[in-house]
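Keeping their order, the protein sequence lines are chains L and A.
Under numbering that gives the first Met the number 0, the first sequence has 30 at position 31, and the numbering climbs by one with no breaks.
Under numbering that gives the first Met the number 0, the second sequence has 89 at position 90, and the numbering climbs by one with no breaks.
Hints are computed from structural coordinates only; laboratory data are not their basis.
Owing to the predicted nature of the structure, the values given are computational and were not obtained by experimental measurement.
Errors might be hidden in some of the hints.
[What the hints assert, rightly or not] Here are the computed distance ranges between Cβ atoms for each label pair:
1) L:Ser133 x A:Ala280: 37 to 45 Å
2) L:Gly161 x A:Ala280: 22 to 30 Å
3) A:Thr49 x L:Val136: 49 to 57 Å
4) A:Gly327 x L:Leu90: 18 to 26 Å
5) A:Ala284 x L:Leu132: 33 to 41 Å
6) A:Glu452 x L:Val136: 39 to 47 Å
7) A:Asp276 x L:Gly298: 21 to 29 Å
Quick reminder that beta carbons are idealized off the backbone N, C-alpha and C, glycines included.
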Amino acid sequence: MTSLHRTADVVVAPAGRRPRRAWSRYNWTSLIYLAPALVFFVVFVLYPIWVSAQTSLYVYDGLTPSVWAGLDNYVTVFTDPTLRDALLHSLFLLIFYAFLPVCIGLLLAGAMSRIRIYGLTLFRALLFLPQILSSVVVAVAWRGLLEIDGPVNALLRFVGLGSFATSWLGNFDTALPSIGVVGTWVEYGLCMVLFLSGIATIDRSLYEAARLDGAGPVREFFAITLPALRPQISIALILTITFALRNFDLIWNTTRGGPGTSTTVPSLFVYQDAFQNRELGLASALAIVLTLVILVVVGIVQWLVREPKEVNR
Amino acid sequence: MKTTRSALRPTFRKSAKAAGVLATATIVGLALASCAAPGSGGTTAGTTATAITAEVTAADVAKLGDITLKMWADQAEEPLMKSVIPAFEKEYPNVTIDMTYKSFDDLLATTVNAAASASPPDVFQGNIGYALDGALVKAKLVRSLDDVADVYGWNTGTGASTLAPAMWDETGTTFGAGTLYGMSPISEVQGIYYNADKLKELGITAPTTIADLEKDLVIAKAAGEQPIMLGNSDQYAGTHIYSDIAATTQDPKDIATWIGGKAGSTFVTDGNKQAADTMTAWAKAGYFGAGYDGLSNGDAIAKFAKGDGVFFVGGSWNGASLTDGNFGFGSLASGGVGATASPWHISSKSKNAVAGIAFLAMLHTPEVGQEILDGGRLPVITDGVTGASELQTQTLDGLKATIAAGTQVGYYDWTATDMLTVMGGALQEVMAGRITSDEYTEKVQAAWAATHEAK
């Protein structure tokens, strides 16, 4: 729905300013070039969203004729305490899935751009690796690492911290942060690569000037690198936040939302309602709400990291 | 002048924008409401089947002319089908079987839609419970098999009780009794696998009751062994142990009734609370080791096969992983819980139902039963079937015991589509001591009521 509105906004605005003339002057042939992508977009993106929105207003098992439900499904979404908990879990995961990867990415990119590292390409590739791996592979591997007899606990015991050893994914208090750590591991490589490419475009003379003024590496980072990376940080946040809020596969393949309900997230319920419980209406309503939540959160973050307006000096 | 304009314009634009949003929302809302409702095209129910009155003969099938029988099955059936299909095609030469194998998850996700499509498979496997079989019955997509059961005598003999989970009431809301809609040649039995070498070392014999087992657990723990190997991160392995205990703390028939969805039945019983308390006590005593919630069931069975743990509570489906090494199986004397595997259905739209019946009849014979056992699984027909190994024979005996004791109550997750998640999660909480056994039974009952009392 929101994307529909956005598209309309973009098309209507210029037409409003210059009525008719713009339309008649409009270069319609350009549409022919756009058509293939547009058709694809409509069929595989807009139409499914439309069907989801429609289904969310019905009680539908995918089989027998559906029954009009109005906003009942949405009422359930907002009143069911288990769904509310799931949303809170997702927001908690944002710290691990978005905030930490961006911080680690900045740190690594800052260090890599400054220090001349032998075999930089190799390190960059290795650090990017988690992003390429299939999430099922990641989940299974981490399940093994975090097991009670797994390598993580073995390391803790080796350094004399055996009392902290626990079944990280099986413990009610550590399961959610543990999944968060896995998310951090998956995402930081992406952030790092984005930031490295951003740093490459920064004019080197800025650094020279800063150095002549006596700035140290930390000052240099905060005065030049960080502000220059604003667009990359913005993109990294969009990608990581979206990943965090619609995250399903990592959780499904590690804890299935358990132990108890300590790691449930909304997308887990979307899957269960749609494919196990055959409550397509409720699943669609939840999916629509989740989409709107993602848009709102991403919107807020975009507003926070927006380019500052030109200030008169 | 300039300031006035710039002050005015944003407000105007804002309100225009707001009106635009409102209009768009209204239009979208109206459009959503006026569009055809999803599924309103509807699925046409099949024609009422012509009941058979005598066993289907090769001549009856020959009358159909040269036909292709389209089938869908779980890929686990492939080894068995490799011998059954050629035998069938030899007996009914005018029939060619076109078999499609699907993974179990795939089968669950796609069977209902395929059965509802314009060209459904003639014969296919479903799964007991509301998610799949319930949907098939409710939408009238599968043929009743009452006539077939009568003609072929499925209702008598050792396999008779195994038909119950495939029987449904008219509306597809309760199962366990009513019209027969499917038949499974394969059965399952829950029970306790033990590491025979370790039992010998510990000087104990295979337990036959929960009380025996409890004594053995103490001995195993004292000897520094992990008494029970459990991997509960998928949330279902714990429910198998729970149901084995629960079948001894109450009349197993009550469990079957509750699973079947009979109005007025409840999970909030002393027996269920007692079983939950036992699980909590065992977890607290460390009988499941540490970190069982962080271990998957598949990893747990692999560890047990390698020699970790004294007991593994599971079912006959785990037997295939335990072929190397000295393992034994015992269902409890109270009767381990058992159940029927995915039933076979005949599409209500099939024009070749007669051939489908002949196929199901062939699956329900002692010959195929023997092949099922040879393949490491359990047939519903146990007469005239013999095990090839010690473990197989023990498992078969366990099955016979559960059928005799009437504890083939089925699985809890059959009763509601979300029961596996609700009960599995709540059991993890009660085992960790985070909720009481009262709260546990109430949580489970609430999920049951949402399915059975709302409709």
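Against the structure, the hints come out as follows:
The given range of 37 to 45 Å is respected by Ser133 (chain L) and Ala280 (chain A), whose C-beta atoms sit roughly 41 Å from each other. Checked against the hint of 22 to 30 Å, the pair Gly161 (chain L) and Ala280 (chain A) passes, with Cβ atoms roughly 26 Å apart. For the pair Thr49 (chain A) and Val136 (chain L), the beta carbons lie near 53 Å from each other, so the given range of 49 to 57 Å is met. Look at Gly327 (chain A) against Leu90 (chain L): about 50 Å separates their beta carbons, and that is not inside 18 to 26 Å.
Look at Ala284 (chain A) against Leu132 (chain L): about 39 Å separates their beta carbons, and that is inside 33 to 41 Å. At about 43 Å, the beta-carbon gap between Glu452 (chain A) and Val136 (chain L) stays in the expected band of 39 to 47 Å. For the pair Asp276 (chain A) and Gly298 (chain L), the supplied restraint of 21 to 29 Å is violated, since their beta-carbon distance comes to about 50 Å.
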